[in-house]
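Number of protein chains: 2
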Amino acid sequence: MSNELKGLLVVISAPSGTGKTTLTHMLLKEFPNMEFSVSYTTRPPRPGEVNGKDYYFVDRETFERMVEEGDFLEWAEVYGNLYGTSKSQVLKALNEGKDIILDIDTQGALQVKKNFPEAVLIFVLPPSLSELERRLRRRGTDDEETIERRLKVAREEIKRAPLYDYIVVNDVLEVAFENLKSIIRAEKCKTERLAEQFEKVVKDPEIVTLLKGGRNE
Amino acid sequence: MSNELKGLLVVISAPSGTGKTTLTHMLLKEFPNMEFSVSYTTRPPRPGEVNGKDYYFVDRETFERMVEEGDFLEWAEVYGNLYGTSKSQVLKALNEGKDIILDIDTQGALQVKKNFPEAVLIFVLPPSLSELERRLRRRGTDDEETIERRLKVAREEIKRAPLYDYIVVNDVLEVAFENLKSIIRAEKCKTERLAEQFEKVVKDPEIVTLLKGGRNE
Chain A
1 MSNELKGLLV VISAPSGTGK TTLTHMLLKE FPNMEFSVSY TTRPPRPGEV
51 NGKDYYFVDR ETFERMVEEG DFLEWAEVYG NLYGTSKSQV LKALNEGKDI
101 ILDIDTQGAL QVKKNFPEAV LIFVLPPSLS ELERRLRRRG TDDEETIERR
151 LKVAREEIKR APLYDYIVVN DVLEVAFENL KSIIRAEKCK TERLAEQFEK
201 VVKDPEIVTL LKGGRNE
Chain B
1 MSNELKGLLV VISAPSGTGK TTLTHMLLKE FPNMEFSVSY TTRPPRPGEV
51 NGKDYYFVDR ETFERMVEEG DFLEWAEVYG NLYGTSKSQV LKALNEGKDI
101 ILDIDTQGAL QVKKNFPEAV LIFVLPPSLS ELERRLRRRG TDDEETIERR
151 LKVAREEIKR APLYDYIVVN DVLEVAFENL KSIIRAEKCK TERLAEQFEK
201 VVKDPEIVTL LKGGRNE
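Chains as they are written, first to last, in full-length UniProt numbering: chain A, 1 to 217; chain B, 1 to 217.
Bound-form chain A, shown alone (with noise of 0.2 Å):
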């Protein structure tokens, strides 16, 4: 155990096309303590992934006793397989000082939430969606199909925004970025989030008891 401040949670959620990868290792970039949280799965590896590196890779048994005992802070099915996030792996990286980054569509961010309200939720919003058009378009990854699909589902997800914690528009990246490290910084300066660790902030003993003593006045 570290005597590091308890780690953030941080969720990141954003429409395909928004940029939201390059913003992310942008942060982990910026945070050295943060770390992307190893999913699991029941899908098989592919050639190269390594096993608790891109993923904890489990068979089918495994992945649903760890439901039943309510070891996810979120998990889904896509396209036949199943993929979730470890509550206690999350909760033992926070307890080392570490931040975690979650990237995950709306739906589990929304379930984390409910399950560990501590957790940071941003939503990535394009400056429009013509432009997101544009960016879908111009990565030429996608057919027209896909890009169709990703635009109806861009959508959906945008509605869900508003149940976010902060909203930030990617319109210059730059900025957008200033912004996420901003509330990654503003939100352990919270006095919530301090208050049971405030000698881990503060050196001076005095200033501790002060600050202990004051909140039960």
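You can trust all of the hints, since none of them are fake.
A pair holds if it fits inside one copy or across any two, identical chains being indistinguishable in the list.
Lysine-lysine pairs mimicking DSS-like chemistry, simulated, CA-CA at most 27 Å apart:
#1 K113 x K188
#2 K159 x K6
#3 K212 x K159
#4 K114 x K20
#5 K181 x K53
Note that these hints are calculated values from the structure, not bench results. Remember, it's a predicted structure, so these values are computed and weren't measured experimentally.
Given chain A, work out where chain B should sit, using these hints.
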């Protein structure tokens, strides 16, 4: 009336000697949209002080009528003079999209929070009381008695820090400043602040409609 996002009311408190004035000036430089609130006072103007810039100088009768009419976000009597922050004036500036910063003591700050819960309260802590004492002595402006009094008041103020929204430790000035900036930026991304004014941050009317529709589902 501008089309700016409604401004933030930021309240900063800190024991004398913590570096609050330096930090506040850095913030005003960083955020061109941010202004100091000009207080009302019954104290007579000192040579060089300008009405409407340093203070609004009013007589006791006017001040007391304002108190009765509930026009102060906070007010106090100090050494026989009345000082107060005008609610209507602050609200007008916020509605014009200006961010307002108040540099007041803990009693005033908690009055503001009570009268205007959207205010963002930030308490700046010194790294230790011994460091605070060193800084007060180094400043060389106070005699021994004043320093002792300031340290006593500091202890009382620190006890109320847990009632603030955020706590920032001013150990290294640049780090404290980075945290203050982040708090202000992050607050502007909070969904609860954006919810009534999505059209001001999102230019695409379709996304605005989706965001507004999502809230009522």
